[in-house]
Every structure is written in C-alpha cells, then in structure tokens.
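Visitor: Sequence lines, in order, name chains A and B. Going by my numbering, the first sequence opens with residue 30, and the numbers climb by one from there. Going by my numbering, the second sequence opens with residue 493, and the numbers climb by one from there.
There could be a bad hint or two in this list.
Derived Cβ-Cβ restraints for the label pairs, each shown as a range [stated by the list, open to error]:
no., chain 1, residue 1, chain 2, residue 2, range
1, A, 72, B, 693, 34 to 40 Å
2, A, 56, B, 666, 37 to 43 Å
3, B, 500, A, 76, 32 to 38 Å
4, A, 113, B, 500, 29 to 35 Å
5, A, 60, B, 759, 27 to 33 Å
6, A, 119, B, 545, 50 to 56 Å
7, A, 109, B, 671, 53 to 59 Å
8, A, 115, B, 545, 47 to 53 Å
9, A, 55, B, 667, 42 to 48 Å
10, A, 59, B, 631, 45 to 51 Å
11, A, 87, B, 759, 53 to 59 Å
Calculated Cβ distances over 12 Å to all of chain B for the following chain A residues [said to hold, decoys possible]:
no., residue
12, 71
13, 82
14, 111
15, 126
The set of hints was computed from the structure by calculation and includes no laboratory data. Ideal placement from N, C-alpha and C gives every residue a C-beta, glycine not left out.
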Amino acid sequence: MATAGATGEEHVGDEQWPMWEVFVRASRGLSHVHAGSLHAPDETMALRNARDLYTRRGEGVSIWVVPASEITTSDPGSKEAFFESPAGKNYRHATYYEKSQGVPHL
Amino acid sequence: MSAEAEPSVTVTDVELDAELTSTGLVASADEAEYALRIGDDSLILAQQLGWWISRAPELEEDLALGNIALDLLGHARNLLHFAGTALGKTEDELAYFRDEHEFRSAWLFEQPNGDFGHTIARGLLTSAYQFELYTQLAASSSPGLAGIAAKSVKEVAYHRDHAVQWILRLAGGTDESRSRIERALINTWPYLDELFRDDELHDRFEGAPRPSALREPVMSVLRQVLAEAELDEPKTTESSGDGRHGHHSTYLGPILAEMQVLARRHPGASW
Chain A
30 MATAGATGEE
40 HVGDEQWPMW
50 EVFVRASRGL
60 SHVHAGSLHA
70 PDETMALRNA
80 RDLYTRRGEG
90 VSIWVVPASE
100 ITTSDPGSKE
110 AFFESPAGKN
120 YRHATYYEKS
130 QGVPHL
Chain B
493 MSAEAEPSVT
503 VTDVELDAEL
513 TSTGLVASAD
523 EAEYALRIGD
533 DSLILAQQLG
543 WWISRAPELE
553 EDLALGNIAL
563 DLLGHARNLL
573 HFAGTALGKT
583 EDELAYFRDE
593 HEFRSAWLFE
603 QPNGDFGHTI
613 ARGLLTSAYQ
623 FELYTQLAAS
633 SSPGLAGIAA
643 KSVKEVAYHR
653 DHAVQWILRL
663 AGGTDESRSR
673 IERALINTWP
683 YLDELFRDDE
693 LHDRFEGAPR
703 PSALREPVMS
713 VLRQVLAEAE
723 LDEPKTTESS
733 GDGRHGHHST
743 YLGPILAEMQ
753 VLARRHPGAS
763 W
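Same shape as in the complex, but just chain A (with noise of 0.2 Å):
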C-alpha cells in the first residue's frame, strides 16, 4: 500500500497509471519515430491508447510502447560534457578533408 496522505487517507485506485513513451512508424521503410507519451494501466491498454491519441488520422502502420520507467536519458544537467566535446574536431568531418588530385573514384 501507498503512504498514506496528508489527510491521513488512502483510496485504492487513486494511483496514477504509470507513463509509456510512444513510436509510431509513419509508413514500411521508414524507422519508428517518438509521437509522444500516455498513461495506461498496462502494455495491452498502453498500445491501445496509443492507437486511439496518436493514429487517429492514419498517421501509423506500426506502433511501440515502452515504459517510460524503462529509458534511460542523458542527464540534461551534464550536457556540457556530455555533447559539447565533438565542437571544434572538425577532423571528425569528411568535408574536413581535401580530396587529393588524381585519387579516382572520391
């Protein structure tokens, strides 16, 4: 059981249903895509109402869910060391480099 509140009730069922991330895949061939997010009691309903948010105009042939408990994200916090590091290698870009006369086929 829930802590009991502030009140010093409880009721069963007050509990919010636990968060799923949605991907929608829009057409075949194309990668599945973050549509957004929902609450659901559990799995089966989750893609069900993913059905009904987020294909409601025919935006989807394929849908996953996944417990939003079970991402793991970058910590927005430590972006700085996280992402920042690639500035200023330009070395790490193709178009860095010259491309050599007389190499064929570049």
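Please build the complex by placing chain B on the supplied structure of chain A, with the hints as guidance.
Guide: For chain B alone, coordinates are given in the frame of chain A:
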C-alpha cells in the same frame, strides 16, 4: 537574415475520404425501415458516450470513448442517410426532427451510462451484437446495407476489443471493481433478448440477417468473455422493451431532448 535561411513551409494537402458510403443508392421502404433501426441504435449510443468526454477515469479513456462515439456517429450517418433516400429526408432531419415514438433503437442502447462499469458492460453487449450483425449484413443482397456494414464492422471489432479488455481488468482488479462490473452486467443483461426478436419486417425483407440467427453467435462470444473474466452469466428476466416499434423506456426522452434542442431552436442553422 537572408531569404535562403527561411525554410519554406508547406502543408501537404490530405485527400479526405468520402464521409458517406453507399451514396447514389436509393433505399426501398424495407431497407429504409431496417437502416433506421440499426442506425438509431448507433446514434443513441454515440450521443450517450459523448457524455464521458472530460469525465472518464483518465484522459486516455476520454479519447477512447470519444473515438468510439465518433465511429458510431459515422455509422448512424451512413444508415440514416440511406434510409432518408426512401423517405425523402436528410440524415439531419431524421436525427433531429423525429419524436421519441419515431425512433427505432433497442432499449439496450438507451440504458444510462451509469458508472464506468455500466458503460463498459453496455459496450460489451452492443459491440458483440453489432459485430455479428455487420459481419452477416456485409453479405447482404442489399448493396447499400452491405457496403455500410462492411465499412462499420472493422470499427466495431475495435469497440468490442475495448470492452473486452476493460471487462477483464475490472473483473480481475479490486473487490470494488469486480462487484461493480458484476452489478453492471446484471443490470444490462435483460436488454439482450430484444435484439434477437424477429418480426414482420424480417419476414418480408430478406436483405438482412434474422435477429434470431444472431443469438447463438453473440451469446457464444459473450460466454467466452465471461469465462475468461471468471464471471458468471447473469440470471435475469428478459426485458419486454420494444424499441423497434417505437415503444421506449423513460430514458430515451431526455437523451433526445439534449441531442435535438439546438437543431430545433435554430432550424436550418449551419456552421
């Protein structure tokens, strides 16, 4: 900022599907009477389900019930439009300017929303019935009815799945949810029988399945769902409701009053 840096934004034109099927066909008197019966079923249920929007247990369920209501409204529009071709009336005239005794819906569809359990129990019964009905009607010798049924049955399959999923969860949830769904099934079950009664229309008109032929397939699906949810089949007395001939329960009047008030107060108004 240079002009090149401004990405040009275009909205892709979406080709919208036709809203009505079976257009261009003119119904016979019997086809029209039949279409009114099953069209009124869907219209009344759609109107009732609309009440849940903003009131369902979760936002996601608002959307689910709202989607089902819109599907049903689409079926009703098709059927009333088709019926109207025989009666010289538009779908709106049939929906908004008929009185209670002119509606042909069965009593099950006008039963109150009640709590969420009652809405789900009613949804299980209506969708199990409509699924069998439309499956058989899709093979009808009436091209108008067959076309509408073939389109509707896919959506009704989803409505039935929605109800089944919730029956299983309410029955297998808490003591409270189980007792509520049991009570809801007991209160709804008496209205099944009316759906399976043949009358003079079915003797005359062979373009539609006889209601009595739907009883076994519908009951067999319902029994499977109850067995899976480990619920007993309610032992109830059959309702003597006779909505197919315009005799309704006291619930229909207020539903119609709310549905029709705007169109009647401002006849011919448009968006």
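Visitor: All the hints need checking, so say for each whether the structure fits it.
Guide: Structure-based check of all given hints:
In this structure, residue 72/A and residue 693/B break the distance hint of 34 to 40 Å, their C-beta atoms being roughly 45 Å apart. Distance hint for residue 56/A and residue 666/B: a CB-CB separation of about 42 Å, consistent with the stated range 37 to 43 Å. At roughly 37 Å, the beta carbons of residue 500/B and residue 76/A sit within the given window of 32 to 38 Å. Distance hint check for residue 113/A and residue 500/B: the Cβ-Cβ separation is about 32 Å, which falls inside the suggested range of 29 to 35 Å.
Against the hinted window of 27 to 33 Å, the Cβ-Cβ separation of residue 60/A and residue 759/B comes to about 53 Å, which falls outside the hint. Between residue 119/A and residue 545/B the beta carbons are some 55 Å apart, a value that agrees with the proposed interval 50 to 56 Å. The hinted window of 53 to 59 Å between residue 109/A and residue 671/B holds, with their beta carbons roughly 57 Å apart. For the pair residue 115/A and residue 545/B, the beta carbons lie near 48 Å from each other, so the given range of 47 to 53 Å is met.
Under the hint 42 to 48 Å, the C-beta atoms of residue 55/A and residue 667/B, about 44 Å apart, fit the expected range. Taken as a hint, the range 45 to 51 Å is violated for the pair residue 59/A and residue 631/B, whose Cβ atoms sit roughly 37 Å apart. Checking the proposed 53 to 59 Å range against residue 87/A and residue 759/B shows it is violated: the Cβ atoms sit about 36 Å from each other. Chain B draws residue 71/A into its interface by the beta-carbon criterion, the shortest separation being 8 Å against a cut-off of 12 Å.
A Cβ of chain B approaches the Cβ of residue 82/A within 12 Å, the least distance being about 6 Å, so the stated non-interface status is violated. For residue 111/A, the shortest C-beta to C-beta distance to chain B comes to about 28 Å, beyond the 12 Å cut-off, and the non-interface label holds. Listed as a non-interface residue, residue 126/A keeps its Cβ farther than 12 Å from every Cβ of chain B; the least gap is roughly 26 Å.
Checked against the numbered hints above, the structure violates hints 1, 5, 10, 11, 12, 13; every other hint is satisfied.
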